[in-house]
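Protein sequences, first through last, are from chains Z and P.
Each position in the first sequence, counted from 1, maps to that position plus 301 in the numbering used here.
Each position in the second sequence, counted from 1, maps to that position plus 646 in the numbering used here.
By construction, these hints were calculated from the structure, which means they are not laboratory data.
It is possible that part of the hints are untrue.
What the hints assert, rightly or not - Calculated lysine-lysine pairs in the DSBU-like style (CA-CA distance at most 35 Å, straight line): (1) P/Lys1108 <-> P/Lys1090; (2) P/Lys923 <-> P/Lys710; (3) P/Lys760 <-> P/Lys1093; (4) P/Lys1078 <-> P/Lys736; (5) P/Lys725 <-> P/Lys805; (6) P/Lys725 <-> Z/Lys421; (7) Z/Lys454 <-> Z/Lys421; (8) Z/Lys421 <-> P/Lys805; (9) P/Lys1104 <-> P/Lys675; (10) Z/Lys1052 <-> P/Lys725; (11) Z/Lys421 <-> P/Lys710; (12) P/Lys760 <-> P/Lys736; (13) P/Lys1078 <-> P/Lys1090; (14) P/Lys1104 <-> P/Lys1078; (15) Z/Lys421 <-> P/Lys923; (16) Z/Lys1052 <-> P/Lys675; (17) Z/Lys1052 <-> P/Lys710; (18) P/Lys1093 <-> P/Lys1108; (19) P/Lys1090 <-> P/Lys760; (20) Z/Lys454 <-> Z/Lys412; (21) P/Lys1038 <-> P/Lys1104; (22) Z/Lys454 <-> P/Lys1093; (23) P/Lys923 <-> P/Lys725; (24) Z/Lys999 <-> Z/Lys1072; (25) P/Lys1038 <-> P/Lys1078; (26) P/Lys805 <-> Z/Lys999; (27) P/Lys725 <-> P/Lys760; (28) P/Lys675 <-> Z/Lys421; (29) Z/Lys544 <-> Z/Lys967; (30) P/Lys805 <-> Z/Lys1024; (31) Z/Lys454 <-> Z/Lys620; (32) Z/Lys421 <-> P/Lys1104; (33) P/Lys710 <-> P/Lys736; (34) P/Lys725 <-> Z/Lys1024; (35) P/Lys760 <-> P/Lys805; (36) P/Lys760 <-> P/Lys710; (37) P/Lys1104 <-> P/Lys725; (38) Z/Lys620 <-> Z/Lys657; (39) P/Lys805 <-> Z/Lys1052; (40) P/Lys1093 <-> P/Lys923.
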Amino acid sequence: MEKMSRVTTALGGSTLTGRTMHCHLDAPANAISVCRDAAQVVVAGRSIFKIYAIEDEQFVEKLNLRVGRKPSLNLSCADVVWHQMDENLLATAATNGVVVTWNLGRPSRNKQDQLFTEHKRTVNKVCFHPTEAHVLLSGSQDGFMKCFDLRRKDSVSTFSGQSESVRDVQFSIRDYFTFASTFENGNVQLWDIRRPDRCERMFTAHNGPVFCCDWHPEDRGWLATGGRDKMVKVWDMTTHRAKEVHCVQTIASVARVKWRPECRHHLATCSMMVDHNIYVWDVRRPFVPAAMFEEHRDVTTGIAWRHPHDPSFLLSGSKDSTLCQHLFRDASQPVERANPEGLCYGLFGDLAFAAKESLVATESGRKPYAGDRRHPIFFKRKLDPAEPFVGLASSALSVFEIEPGSGSMSWFVDTAERYALAGRPLAELCDHNAKVARDLGRNQVAQTWTMLRIIYCSPGLASATSLNHSVGKGSSCGLPLMNSFNLKDMAPGLGSETRLDRSKGDTRSDTVLLDSSATLITNEDNEETEGSDVPADYLLGDVEGEEDELYLLDPEHAHPEDPEYVLPQEAFPLRHEIVDTPPGPEHLQDKADSPHVSGSEADAASLAPVDSSFSLLSVSHALHDTRLPPDFFSALVCDMLRFYAEQGDVQMAVSVLIVLGERVRKDIDEQTQEHWYTSYIDLLQRFCLWNVSNQVVKLSTSRAISCLNQASTTLHVNCSHCKRPMSSRGWVCDRCHRCASMCAVCHHVVKGLFVWCQGCSHGGHLQHIMKWLEGSSHCPAGCGHLCEYS
Amino acid sequence: MAEGENEVRWDGLCSRDSTTRETALENIKQTVLRKTEYLRSVKETPLRPSDGLSNAVSLDGLNKLLAHLLMLSKRCPFKDVREKSEFILKSVQELGIRIPRPLGHGPSRFIPEKEILQVGSEDTQMHTLFADSFAALGRLDNITLVMVFHPQYLESFLKTQHYLLQMDGPLPLHYRHYIGIMGLLKAEEHSWSLAELVHAVVLLTHYHSLASFTFGCGISPEIHCDGGHTFRPPSVSNYCICDITNGNHSVDEMQVNSAGNVSVSDSFFEVEALMEKMRQLQECRDEEEASQEEMASRFEIEKRESMFVFSSDDEEVTPARDVSRHFEDTSYGYKDFSRHGMHVPTFRVQDYCWEDHGYSLVNRLYPDVGQLIDEKFHIAYNLTYNTMAMHKDVDTSMLRRAIWNYIHCMFGIRYDDYDYGEINQLLDRSFKVYIKTVVCTPEKVTKRMYDSFWRQFKHSEKVHVNLLLIEARMQAELLYALRAITRYMT
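With these hints in hand, go ahead and build the complete structure from the sequences.
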């Protein structure tokens, strides 16, 4: 209410009314300008030049200024401006270089008043003097600015931009004689209208063309500029050197910039490429726009605030051939959609969490995590009462520290460094990696590696002992798979349902910690298989069961396995028992998924009719087939890899993937592999394991991954003499033709590793310096410094 | 003979360190001499039929080495390498093996070799460029040697080309080269992501322009490639193979030369007349104002005329190399506007231009390349030495703008603020023929076309014209492609 009354006084008694609305134009607009009465808007483009009345509910076409049958380029407008003193006076800049003035007071249909054909190239901008009725300024592609007195036929004065194209010209609102001009080369110039010989001031504002500028309506010295470099900069021109006071980074080149009336820090921008929205920025909050208008479907080419003292009405024209009136209250506010919470992990696993203070306050009232680990620290910004974001400005930051040691990832680092991934036969790789895992107390992982060796290395290659073991233990056929069924068979014999449940729970916790004993898991997994939704466990347990380490480690469980040796013949029939005993949908599901069943058609067929009888249906078949092909397991291995990845041990997944290579790669979809690789590489890099990370990148077969170490391989250096970037070679400067880094020992150029003393900044080849320091502790350059190298 | 020891590594020669080069050269020398000795010994022993093939193979291998050495002796920016390569060649010759000699007349068939900068006599700036180029490619190609007439441009050109082909970008390296080759053959590519598409478009346009330059300046085959050298003694053939195919027999050349000599005064007046026209245009531009319709029709006339501007000996000339076998669609190539009855709408540069629109789009999808190309356009457009043939201190901006806008006009691109009548005043027919051929059908350029325009102008100025042509062509193609992408995005 209060605001409304203020607006009313500012408007001299008449309140602006209206709604968000748009109207269709016949052609794309290039520029718009508003009449000082705030009730009419002119739209100009290549083939449109019309005046619309802004009514409460709609735009009404009032006048078409394109008269005559012949199309003329004089009417192809790059810019249009309506005089802010005289309601009848307009000026347009034509793409063919003509400046045209229009007098709406003329009685004839053709309102064209004067033609100035002094510019040789397209005129980009025209601007009326804010207080003088007859003074018009133009800026052109030909590099000249011209000042016209409309009472005369020719320009009064010409200002030269030294053949740089002029993109915008704007009279200062406060300084009668001053105007600013912006250029294609990134410069901004300040001119005194009385002194055409040279500019008062010039500075480089942007990298690339400066498309637009706007003087602050109240702040005498502030000039906003927008450039192709996607920046909006606010300059304080009152100081001796133009000082950049604010900078807003947008997402596309800035085509127009207009200060918002009555809001000291607000400005509106639009872009000429890619981005179609209009943004209103608070220059003190340069990251998130304060408001956003998303109506246009093509780039916005012209924006204008409807009244110089009303901040709520914005007009815009666009290449999509529409004219829009935007109401500020209808704007979308990205701040509202922005996530006011922030979450970040620290270097050592600490977690920081920032949120609105109000949110955190209620939370701490409940004190959900009160106690051991919480160390909340509060930061509070000093509030500027004038700032519009007061509500959002205060936030609380909580830091959660990690218990010392608990998050230690030393196993990860050790494993990564010691694993062998390539360059040796598969069996050796598996053995080596198993040993590494065992050394680190990760028995489950060790077992997995061993299993993999057994699966994928043919019996001939596998060591004789292990083969014997499997034959001896694993019933008559020496088949790991068959063994597994033996074990499984024992599970029901060993325990009841309650035991199953308990052990399941154990497995979960153990696998999370990743350092539980493998034996426990083995047995649990065996039992779990029956109701398990994690098929990978199935395999783990199955094959581990036959490993002798297992028995050594776990005498308790080795015990019940004894019957296995006694009753080797039961190996096959037992299979059916498993199928039979636990009924229920879960199990059926498992059966359907299980590669064991589906892997052998004959066996599967035999399963259905048999009802808990000790059938020996497939014995002979299996006996002939002394060893299943590794392909038989690939689905299981893949499941296992997925299991590890799910558990967070992506290291294992990737390592196995690399070691097994072609054997399993085809069974896992590319995207998953890529995902694992990227996660693992990310982890490795966080632990600064650059060499391992690079090895993994090299060994990966995924194209997206292997190109990782081919990107960003350039290192830019500056010359130590002239401080300019050395573009061509890293060791010789093109400008001063000097070699940048000379070895102090051999006086040759250092092209590889350059090591230097931080005290005297002399240095050289790593080997040379090392050798030198063996004999002397003084600097080899002879500067007398006692060099220290760490 | 084991193949392994015959492996010759040339990369050591690209080093800036003279000792590294020395070592590399020594290794090369050893290998070459070993091969030579082997061949000699084979020759002396009675020939067994089974040896025939392997001897041919190893002779072929040696010949390739010798051709490469020949190239190095002529085209290496490092003096030591040049001298040593020549020395090795001489030693081989003394052993009785025939050594190659370069064919043709230097880097360009159009420009006499003496006009072109000799490797070794370049200044420091040029030497840096040469060394860079040599380090990157292992040789100085003929294009570089011709372009070095304008070192400022060459630097920007090499930088851009290097970035497009070697540095970070959305497309894998082998795709880039494939597209590059396709670009030279004018084939079309399939589109992928927008970033890849922009990269591909930039590459295509770059190579289109490169093709124009290569043919426009009559770049010779590289010395070490087929057609760049011969093992035959000079008496057998005294002109280049490509000259024959282009109809540029030496006799023909002499005729042109004599014709040129006769009409020295004529062509002198040509320059004078051109300058006079420029002066007139400069002065009367403000006075005489053509009507809007007149201006529009001048553009249309120029556009339409450009379609019929073709050399009269158009039909006789067969392409120098049979490129057509690489096309799937043999009718593919430049098609004139509305010649086939369809009217292509005029592209208004004021509505979509490189500076405001194209640049932003390229830079958004393929970071930094917009900047590089922008710089290249600027250098090419603004390059001037303020000379015209024998005249100094001339403002050539009007002439350069006319050439630039004429090329864009051929592509249907119109500048609202340009009077296309100027083109007719400034560019004579033979010049238009040359421009049209270089830009639209570069493979049809002949030495006669090159010689017959601007007869009094220096070769460096003609190369300058070529730079304008290729950059204007590249910008025109980019504008169409980028506008299409922009439309797709909105």
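For each hint, the structure was consulted:
no. : hint                    : in the structure
1   : P/Lys1108 <-> P/Lys1090 : holds (17 Å)
2   : P/Lys923 <-> P/Lys710   : violated (54 Å)
3   : P/Lys760 <-> P/Lys1093  : holds (17 Å)
4   : P/Lys1078 <-> P/Lys736  : violated (48 Å)
5   : P/Lys725 <-> P/Lys805   : holds (24 Å)
6   : P/Lys725 <-> Z/Lys421   : violated (51 Å)
7   : Z/Lys454 <-> Z/Lys421   : holds (17 Å)
8   : Z/Lys421 <-> P/Lys805   : holds (34 Å)
9   : P/Lys1104 <-> P/Lys675  : violated (41 Å)
10  : Z/Lys1052 <-> P/Lys725  : holds (22 Å)
11  : Z/Lys421 <-> P/Lys710   : violated (58 Å)
12  : P/Lys760 <-> P/Lys736   : holds (24 Å)
13  : P/Lys1078 <-> P/Lys1090 : holds (14 Å)
14  : P/Lys1104 <-> P/Lys1078 : holds (18 Å)
15  : Z/Lys421 <-> P/Lys923   : holds (18 Å)
16  : Z/Lys1052 <-> P/Lys675  : holds (26 Å)
17  : Z/Lys1052 <-> P/Lys710  : holds (32 Å)
18  : P/Lys1093 <-> P/Lys1108 : holds (13 Å)
19  : P/Lys1090 <-> P/Lys760  : holds (25 Å)
20  : Z/Lys454 <-> Z/Lys412   : holds (17 Å)
21  : P/Lys1038 <-> P/Lys1104 : holds (13 Å)
22  : Z/Lys454 <-> P/Lys1093  : violated (53 Å)
23  : P/Lys923 <-> P/Lys725   : violated (48 Å)
24  : Z/Lys999 <-> Z/Lys1072  : holds (34 Å)
25  : P/Lys1038 <-> P/Lys1078 : holds (24 Å)
26  : P/Lys805 <-> Z/Lys999   : holds (29 Å)
27  : P/Lys725 <-> P/Lys760   : holds (19 Å)
28  : P/Lys675 <-> Z/Lys421   : violated (64 Å)
29  : Z/Lys544 <-> Z/Lys967   : violated (61 Å)
30  : P/Lys805 <-> Z/Lys1024  : holds (21 Å)
31  : Z/Lys454 <-> Z/Lys620   : holds (34 Å)
32  : Z/Lys421 <-> P/Lys1104  : holds (30 Å)
33  : P/Lys710 <-> P/Lys736   : holds (16 Å)
34  : P/Lys725 <-> Z/Lys1024  : holds (30 Å)
35  : P/Lys760 <-> P/Lys805   : holds (28 Å)
36  : P/Lys760 <-> P/Lys710   : holds (27 Å)
37  : P/Lys1104 <-> P/Lys725  : holds (29 Å)
38  : Z/Lys620 <-> Z/Lys657   : violated (41 Å)
39  : P/Lys805 <-> Z/Lys1052  : holds (22 Å)
40  : P/Lys1093 <-> P/Lys923  : holds (27 Å)
Of the numbered hints listed earlier, those contradicted by the structure are 2, 4, 6, 9, 11, 22, 23, 28, 29 and 38.
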